[in-house]
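Peer 1: Starting from the known structure of chain A, arrange chain B on it as the hints suggest.
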Amino acid sequence: MATTTNNNTPQTEATIPGLQVCLAREEPVRLDCGIDLKNINVAYQTYGQLNESKSNAILICHALTGDHFVADVHPVTGKPGWWSELVGPGKTIDTDRFFVICSNILGGCMGTTGPKEINSETGKPWGLDFPGVTIADMVRVQARLIDHLGIDKLFAVLGGSMGGMQVLEWAAKFSDRVFAAIPIATEARHSAQNIAFHEVGRQAIMADPDWCGGDYLSHDIRPHRGLAVARMTAHITYLSQSALHRKFGRKLQERDVVSYGFDADFQVESYLRHQGITFVDRFDANSYLYTTRAMDYFDLAGDYDGALANAFRDTKTRFCVFSFTSDWLFPTKASREIVRALNAVAANVSFAEIESDKGHDAFLLHEPEFFRLMAGFIDGAAELHGLPRRED
Amino acid sequence: MMMHESQRKSIRVDLQIIANMIEPGTRVLDVGCGSGTLLDYLVHFKQVDGRGIELSTEGVNACVSNGLSVIQGDANIDLKDYPDQAFDYVVLSQTLQAMNNPKAALEQLLRIGRHAIVSFPNFAHWRVRYHLGLRGRMPVSENLPYQWYETPNIHFCTIKDFAVLCKEMGIKVERSMSLDHEGSAIRRVDLTPFLANLFGEQAVFLLKG
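Sequence order for the protein chains is A and B.
Position 296 of the first sequence, counted from 1, bears residue number 296 in the working numbering, the numbering being contiguous throughout.
Position 183 of the second sequence, counted from 1, bears residue number 183 in the working numbering, the numbering being contiguous throughout.
Mixed in with the good hints there might be a few duds.
Claimed, not checked - Calculated lysine-lysine pairs in the DSSO-like style (CA-CA distance at most 30 angstroms, straight line):
no.: 1; chain 1: A; residue 1: K153; chain 2: B; residue 2: K46
no.: 2; chain 1: B; residue 1: K80; chain 2: A; residue 2: K333
no.: 3; chain 1: B; residue 1: K46; chain 2: A; residue 2: K316
no.: 4; chain 1: B; residue 1: K208; chain 2: B; residue 2: K167
no.: 5; chain 1: B; residue 1: K103; chain 2: B; residue 2: K172
no.: 6; chain 1: B; residue 1: K46; chain 2: B; residue 2: K172
no.: 7; chain 1: B; residue 1: K103; chain 2: B; residue 2: K160
no.: 8; chain 1: A; residue 1: K173; chain 2: B; residue 2: K80
no.: 9; chain 1: A; residue 1: K333; chain 2: B; residue 2: K103
no.: 10; chain 1: B; residue 1: K160; chain 2: A; residue 2: K316
no.: 11; chain 1: B; residue 1: K167; chain 2: B; residue 2: K80
no.: 12; chain 1: B; residue 1: K80; chain 2: A; residue 2: K316
no.: 13; chain 1: B; residue 1: K160; chain 2: B; residue 2: K80
no.: 14; chain 1: A; residue 1: K173; chain 2: A; residue 2: K316
no.: 15; chain 1: A; residue 1: K79; chain 2: A; residue 2: K251
no.: 16; chain 1: A; residue 1: K316; chain 2: A; residue 2: K54
no.: 17; chain 1: A; residue 1: K91; chain 2: A; residue 2: K153
What the hints assert, rightly or not - The following label-pair restraints were derived from C-beta to C-beta distances:
no.: 18; chain 1: B; residue 1: T57; chain 2: A; residue 2: Q203; range: 34 to 42 angstroms
no.: 19; chain 1: B; residue 1: D190; chain 2: A; residue 2: E52; range: 55 to 63 angstroms
no.: 20; chain 1: A; residue 1: V200; chain 2: B; residue 2: S10; range: 52 to 60 angstroms
no.: 21; chain 1: A; residue 1: H366; chain 2: B; residue 2: N101; range: 36 to 44 angstroms
no.: 22; chain 1: B; residue 1: K80; chain 2: A; residue 2: A192; range: 20 to 28 angstroms
no.: 23; chain 1: A; residue 1: L128; chain 2: B; residue 2: T57; range: 42 to 50 angstroms
no.: 24; chain 1: A; residue 1: E355; chain 2: B; residue 2: L134; range: 44 to 52 angstroms
no.: 25; chain 1: B; residue 1: P145; chain 2: A; residue 2: R389; range: 34 to 42 angstroms
no.: 26; chain 1: A; residue 1: F266; chain 2: B; residue 2: S10; range: 57 to 65 angstroms
no.: 27; chain 1: A; residue 1: V73; chain 2: B; residue 2: M21; range: 53 to 61 angstroms
no.: 28; chain 1: B; residue 1: A104; chain 2: A; residue 2: H274; range: 54 to 62 angstroms
No wet-lab data here; the hints were simulated from the structure.
Glycine is no exception: its CB is placed at the ideal position from the N, C-alpha and C atoms.
Extracted from the complex, chain A is given alone in its bound form (with noise of 0.2 angstroms):
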């Protein structure tokens, strides 16, 4: 595989390990907002070996704040890849057996083009100049991605939360191009609700001081008590009440009585703020608010007149749909809506629920039951499409 290296590449963080190439050199990709972009830097990790017909990709899209270290050692944090469990050899999605591609959503901090590298006219970091993004553009740039590594087809995108908006997207508006499509825990358009605990995030960053109106980097601060509340607020939204109680109750941390203070008092406030610290360390302030704002963006029955079903009519795709019982930032009645618009051109289309009380947060951790029917599915689906069977 070619890698190109890019002059651009800024090295304002560590330099970031795994593959990039630098697209669009020619050929602009034309954003939503109406800027075309060239030049742009993605960063991407692939695993597994593609076959001669170039029949066995299944791309993998990541979640507002991940990134591409799918299944190896993440080079910030020294965490195991974020779906690790579900990716590699002999796993559900067989690295063995297919040919797994991940990228850096466009806007992202991971070494795809984004706000914090460098704007090559002006040779400073792009900020808030950098032009919008949505859904659709990160999915052109994958598409961009996939064309480079000389693929027609995917045999199958999948993706979680964000990235089941991209999964959705792909299907939408490259149904020859896919095989197979997992939408998990996601939604087509996003919520009120949903946009609004996002607003809560971007405030926190923008009230930081050290955000300096999005020109931080030139300043060489960062925003990380804004990021970090950002972080912390959504991080309660990817859990259940239950999980929550389960984990931490009302149990003290590292104390027998309450200081009568603002200390964290309580084991789940210590908990959440390491959420909030670590996370600084490995994400940029401003990727947080394009990507959100990507995400407040989305909804995909906009650009079909408001019917949802108009963007999979006549799709070939076939579609396994997942959500989970405890998800209630992207619940149950979100998936039914994209599966009854499937229904309603009759779409091929799976839909399970799956028990758990994890929250949104069960599509990234070890769900035997949900890994055992994503296992049924792709290889239901890899026999139609003349891959060969999973070894005993």
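Peer 2: Chain B only, in chain A's frame:
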């Protein structure tokens, strides 16, 4: 994970009768498909483009993990989402009597499908008549295993009742069979309606709207 070939070959006789009514290579929707036995058979032996709807989580999980296209849903609610004539056959196997509105369901089946195949337990079987007529009790048998207070079957009918309803609704009965629960004593309802209604524990109807 995939089902064994030998398991596939020996499906229940009533399912086999349904399968025999379906032309190979067609589009089939199995409403209330359970763990997918019929659907799996049809996909593999009749090369149908098969889909299912199933209410129970266990059923859906069994189907999807076996590579079948099945959604978790409620036939009482979700049938209306499908477009007109989207399938060649819509199968409703042993489910009609558990539906909120069987008549509306029949209309939906024939709106969605060119044909509908409906199977149901016959409440006029002689053993049911004996339970009710002589013993004065609601029947409980291998075929109808529930007590009255726990049964999901809220709309029992007889073979005759069903035939009358089809006539009222202007539905054409293309084929109709009665059989006992072991699948023997198969009768054509149109040729021997009285015997079918007395000795058939269940019936399978192939309908056209």
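Peer 1: Compare the structure with each hint and give your call.
Peer 2: Status of the hints after comparison with the structure:
1. A:K153 - B:K46: 28 angstroms, holds
2. B:K80 - A:K333: At roughly 17 angstroms apart (the allowed maximum being 30 angstroms), K333 of chain A and K80 of chain B satisfy the hint.
3. B:K46 - A:K316: With Cα atoms ~20 angstroms apart, K46 of chain B and K316 of chain A stay inside 30 angstroms; holds.
4. B:K208 - B:K167: 12 angstroms, holds
5. B:K103 - B:K172: Judged against 30 angstroms, a Cα distance of about 15 angstroms means the pair holds.
6. B:K46 - B:K172: The hint holds at about 24 angstroms.
7. B:K103 - B:K160: 15 angstroms, holds
8. A:K173 - B:K80: 26 angstroms, holds
9. A:K333 - B:K103: Given pair K333 of chain A, K103 of chain B holds - Cα atoms ~28 angstroms apart, limit 30 angstroms.
10. B:K160 - A:K316: 42 angstroms, violated
11. B:K167 - B:K80: Distance of about 23 angstroms is within 30 angstroms: holds.
12. B:K80 - A:K316: 22 angstroms, holds
13. B:K160 - B:K80: 28 angstroms, holds
14. A:K173 - A:K316: 13 angstroms, holds
15. A:K79 - A:K251: 27 angstroms, holds
16. A:K316 - A:K54: 19 angstroms, holds
17. A:K91 - A:K153: Measuring from Cα to Cα gives roughly 23 angstroms; hence the hint holds.
18. B:T57 - A:Q203: 34 to 42 angstroms: Taking Cβ atoms as reference, T57 of chain B and Q203 of chain A lie about 40 angstroms apart, which means the hint holds.
19. B:D190 - A:E52: 55 to 63 angstroms: Cβ of D190 of chain B to Cβ of E52 of chain A: about 57 angstroms, so the range 55 to 63 angstroms holds.
20. A:V200 - B:S10: 52 to 60 angstroms: Taking Cβ atoms as reference, V200 of chain A and S10 of chain B lie about 59 angstroms apart, which means the hint holds.
21. A:H366 - B:N101: 36 to 44 angstroms: 42 angstroms, holds
22. B:K80 - A:A192: 20 to 28 angstroms: 27 angstroms, holds
23. A:L128 - B:T57: 42 to 50 angstroms: At roughly 47 angstroms between Cβ atoms, T57 of chain B and L128 of chain A fall inside 42 to 50 angstroms, so the hint holds.
24. A:E355 - B:L134: 44 to 52 angstroms: 46 angstroms, holds
25. B:P145 - A:R389: 34 to 42 angstroms: Given a distance of about 38 angstroms, which is inside 34 to 42 angstroms, the answer is holds.
26. A:F266 - B:S10: 57 to 65 angstroms: The hinted range 57 to 65 angstroms holds for F266 of chain A and S10 of chain B, with Cβ atoms some 59 angstroms apart.
27. A:V73 - B:M21: 53 to 61 angstroms: Check passed, 57 angstroms falls within 53 to 61 angstroms.
28. B:A104 - A:H274: 54 to 62 angstroms: Holds, since A104 of chain B and H274 of chain A (Cβ atoms, about 55 angstroms apart) stay within the stated range.
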